[in-house]
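Join the two chains into one complex using the hints; note that each chain is given alone, in its own frame.
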Amino acid sequence: MLFRQMLREHLFLVLGYQVLLIANIAAAIAYWPELRENIEAIPAVMKLIPSETLRNMAFMLEEQGYWAYFGIQQLFKGGGVVAMMAASILGSLLIAREADNRTAEFLFSRPISRSRLFLTRWGAGMLFVQLPFALTTAGAWAASGLVGESLSFSMVMIAQLHLGLFVAAVFTVAATLSTFAEHQLKPALIVIGAMLLQLAIYMVKDLWDLSIYKSIDLDRVLPIETGTYPWASTISFAAITLLSLSVALWQIRRRDF
Amino acid sequence: MIEVHGLQKAYGEQKVLKGIELAVRDGEVFGFVGPNGAGKSTFLKCVLGIARCDSGSVRLGNGDDVIDALRKPLEARLRVGYSPGETSLYQSLRADDFLRFALAHYRSADLAEGLSLMERLSLPLHKRIKSFSHGMKRKLLLAQALASRAPVLMLDEPMEGLDPEARRIAEQLLTDAASVGRTVFFSSHDLSSVERICDRVAFLRSGKIMETGRIHDILARASRTLHLTLEHEIDVSMLPERPGWDWEGAGTRWRLTFEDDLAFTLARLQSLPIVGIRDGSGRLEDVFESLYGPDAPDHSTFEEIA
Numbered sequence: 001m002l003f004r005q006m007l008r009e010h011l012f013l014v015l016g017y018q019v020l021l022i023a024n025i026a027a028a029i030a031y032w033p034e035l036r037e038n039i040e041a042i043p044a045v046m047k048l049i050p051s052e053t054l055r056n057m058a059f060m061l062e063e064q065g066y067w068a069y070f071g072i073q074q075l076f077k078g079g080g081v082v083a084m085m086a087a088s089i090l091g092s093l094l095i096a097r098e099a100d101n102r103t104a105e106f107l108f109s110r111p112i113s114r115s116r117l118f119l120t121r122w123g124a125g126m127l128f129v130q131l132p133f134a135l136t137t138a139g140a141w142a143a144s145g146l147v148g149e150s151l152s153f154s155m156v157m158i159a160q161l162h163l164g165l166f167v168a169a170v171f172t173v174a175a176t177l178s179t180f181a182e183h184q185l186k187p188a189l190i191v192i193g194a195m196l197l198q199l200a201i202y203m204v205k206d207l208w209d210l211s212i213y214k215s216i217d218l219d220r221v222l223p224i225e226t227g228t229y230p231w232a233s234t235i236s237f238a239a240i241t242l243l244s245l246s247v248a249l250w251q252i253r254r255r256d257f
Numbered sequence: 001m002i003e004v005h006g007l008q009k010a011y012g013e014q015k016v017l018k019g020i021e022l023a024v025r026d027g028e029v030f031g032f033v034g035p036n037g038a039g040k041s042t043f044l045k046c047v048l049g050i051a052r053c054d055s056g057s058v059r060l061g062n063g064d065d066v067i068d069a070l071r072k073p074l075e076a077r078l079r080v081g082y083s084p085g086e087t088s089l090y091q092s093l094r095a096d097d098f099l100r101f102a103l104a105h106y107r108s109a110d111l112a113e114g115l116s117l118m119e120r121l122s123l124p125l126h127k128r129i130k131s132f133s134h135g136m137k138r139k140l141l142l143a144q145a146l147a148s149r150a151p152v153l154m155l156d157e158p159m160e161g162l163d164p165e166a167r168r169i170a171e172q173l174l175t176d177a178a179s180v181g182r183t184v185f186f187s188s189h190d191l192s193s194v195e196r197i198c199d200r201v202a203f204l205r206s207g208k209i210m211e212t213g214r215i216h217d218i219l220a221r222a223s224r225t226l227h228l229t230l231e232h233e234i235d236v237s238m239l240p241e242r243p244g245w246d247w248e249g250a251g252t253r254w255r256l257t258f259e260d261d262l263a264f265t266l267a268r269l270q271s272l273p274i275v276g277i278r279d280g281s282g283r284l285e286d287v288f289e290s291l292y293g294p295d296a297p298d299h300s301t302f303e304e305i306a
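For the record, the sequence lines run as chains A and B. Those letters in the first sequence? Residues 1 to 257, by our numbering. Those letters in the second sequence? Residues 1 to 306, by our numbering.
One chain only, chain B, in its complex shape (with noise of 0.2 Å):
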């Protein structure tokens, strides 16, 4: 579990963490979603203690066995299986070489885990990493997380650089450490990730929590898109309208996003020469948008919210 209350910090005069409230439990899957410069990557350096964060506190661990992560920056770190967004790494050494120096010092490291979780991920254990693309780093990097076994792991941008079939392997080994108990949590910009393997999604912007929810809640009240495709053209003055109703596209084919529950949709949708519906919409991607993209609330508006 983690739990993190008022955490704040400051590079200078700018506010980078303002009072990050969270609650992530055992077992659980977490995703932590921001655009670049929302202050994840700081919120986990500072739970970790890489950087000291101003003020909060921080409880991490699992079961009974919880501390205060603050206060014991080393007990916390043997907690937590940890992978940077930052993929340099020490050249010189080869990958099985490196994984035997991420390991050293956690108790509970299995080395031979971490080898077998290498070769599943198609690296090469005794190649150089100065020969390793980024998406080789970001998986090498997971599996020493993985394979510390540490019942918290914390990633940040764990699936950022991988191809499709990594991904695969990567989201089936975050679910299964969930499974077993572990806390999984980590920052991503791949929605599609989160979307399959998370229970909760927190969204974070300029240093705040906007919004935390079960990942089902949060599309449930996103708003909601058809893909109308229509037997011959008709202009947008005869298309039907209601407040929340929003019309794009032109001739035969048009979008309608909206608010109301589905069923009710559809039959105010019946006087249009329908002759194709596709169903858009529930995508964390235009939870995303809402959110963050040109049409979002600013930050004041979300305060007064708050």
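Here chain A stands alone, though its shape is the one from the complex (with noise of 0.2 Å):
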């Protein structure tokens, strides 16, 4: 019942999630075949914009061609952007939206385990926001064939667990965020911003290793074609997931409302 009440509660949010997601790399599968004709071009058109992050990409595109084109657009901005920012307004609104909304009293008032409850509720906030990801992953994949692409579909989803095991971090720092808050959007608010803040960082070549985002770009992304696991973010992101739920498991039990 708890699962159907928070499907109920946030259908339309989940729904808009999947169509951003869908809108985001049908686009940009769409728009292949006449980047890939110019790809060659691209390094010179990439000189005139100042950001070496942004050249780097570049280069990569043309050296890897349409694997590092899906792994910009479906893992680094879907899963990067589109789902991050999805993950950051689904986690908050886990708990603070029962405070904002007053109906917090009349839950927690009912026989279950806080613990239960919050651990349900983070879990079906979890598939709200891997579910559709990882379904718009797959199906990018079939869809590299209408535009004569292949890509390796165990390749693609390793790539996939990694990113969402970053989404995963997002949101239960979001969900952990919302068992202190009273307002339901702003630990939202928090993560988005501090998300954005990690990007901005990232777009500067001689900082990027300190943003969060340089564990899910291409350099750690593309080399799982040939086997090579980033196995130490994806431990950081497990790490992160982890020591937020503990924190949040703690908070919930203590808290009044």
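Don't take every hint at face value.
Calculated lysine-lysine pairs in the DSSO-like style (CA-CA distance at most 30 Å, straight line) [said to hold, decoys possible]:
hint, chain 1, residue 1, chain 2, residue 2
1, A, Lys186, B, Lys15
2, B, Lys130, A, Lys186
3, B, Lys127, B, Lys137
4, A, Lys205, A, Lys77
5, B, Lys18, B, Lys208
6, B, Lys72, B, Lys18
7, B, Lys137, A, Lys186
8, A, Lys186, A, Lys214
9, A, Lys186, A, Lys47
Because the hints were derived from the structure by calculation, they are not lab data.
So, in structure tokens, the structure goes:
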């Protein structure tokens, strides 16, 4: 019942997120044939752009072709920006929405433990964030054939798993802030603000090693093709998720509603 | 039953509950009365573990099935059908779905009874809650609390916002619940309902219980009032006086507040040209007024009495 109630509350938000992900990758795939025709000209064009990070992406695009393009469009942009924002918002709503809408008193008066209640909602929220992202990635892999490209499905889904763990960490941090917050969107604003700052740092090549976006960029994702998995980043994402979850469970048990 | 000893709760520096002592028996309807901010809702939240209390003990249950509510809040909530004071509910749910959601984790809940109660309270089953008025939400909360079939009912302002017919039905439902051994504990500003259906009442002020007792005994102790209509106008100086008597009014209409026995008082009024007399005494509103009104003793006085 908790899952169903949450689905009803968030249905339009999740649908909107799914549509945004599909629109992002569908437009990108549709544009690929035109880009492929002119791919050799990209580095020349990119020299005009005052961002070493973007120039680096352009060179990788020329070098690796469609796999790099897929990585930029679906994984870095779809996962690192669209899914990150959805994860921030859904995580933010997890508990703070109940406090903000004044439904917390009713919810926490039900005979269910706070830990179970939180973990059920966290699990449902995680599913709402991950499923559209994973389905879009799988759909994009399938749609690649329409533009004459083919990628290894296992390689794509392993890269998806890596990005999924990044999104899970963002979602859990937002959910943890939600257990402290009174306003339903405040944690989302904090997390999105922090992530946009991280993205800005990433765009400065001298600083990009300090950005969390470095752990999901093409330097980490493309080597998956050769069997090199970014374990260090994965372990960091898992550690952030588990640590945040522990803090959230501690806070939810002690909070007054 | 509900047994509470020394329950204390503070939000930061502000002490909201200052050592609440209460005992409510199985099958009793107990009213919990106090002005806004007295700590009624906080008390209910503390008992159910929605807010953590700082110290004290709470035991609740029915018959031999009694548990320590503060140590086992989940077990406590299984034994309590709760209707919160806050009527903000999940707007996107239909009323029947809300009922399913509300009862989902109660072992003893009866969904069919809940649906039947909703019909009895004239609630549309399949309408979304966002179309509900305040009173309809209040009825829905009452229905889910009753349908939990938990042995203890804790209701925060259950009569607030109800129309007279709904209030009558709600009072009947609570009386029926008590008659089958369920403990009914409700906070209310609606003193007429408290007076009609409660066996006992506790008055809360600034986080402390000022008085607890049977409704009948409290009303009997309260100041009594007679409304007199006289044949002709008289001046206040012509009215009989006694210690504890207080006259208000003018001309032919006077109100006497007294603390003596009624027969004794009537005997002292025989000298007056009375053409009409009405007994206005014995209302809980008067007790409330005496405890919380402008002439009420301040809190320190109560602490001295205690």
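Status of the hints after comparison with the structure:
no.: 1; hint: Lys186(A) / Lys15(B); result: 29 Å, holds
no.: 2; hint: Lys130(B) / Lys186(A); result: 25 Å, holds
no.: 3; hint: Lys127(B) / Lys137(B); result: 12 Å, holds
no.: 4; hint: Lys205(A) / Lys77(A); result: 18 Å, holds
no.: 5; hint: Lys18(B) / Lys208(B); result: 6 Å, holds
no.: 6; hint: Lys72(B) / Lys18(B); result: 22 Å, holds
no.: 7; hint: Lys137(B) / Lys186(A); result: 28 Å, holds
no.: 8; hint: Lys186(A) / Lys214(A); result: 26 Å, holds
no.: 9; hint: Lys186(A) / Lys47(A); result: 39 Å, violated
The structure shown violates just one earlier hint, number 9.
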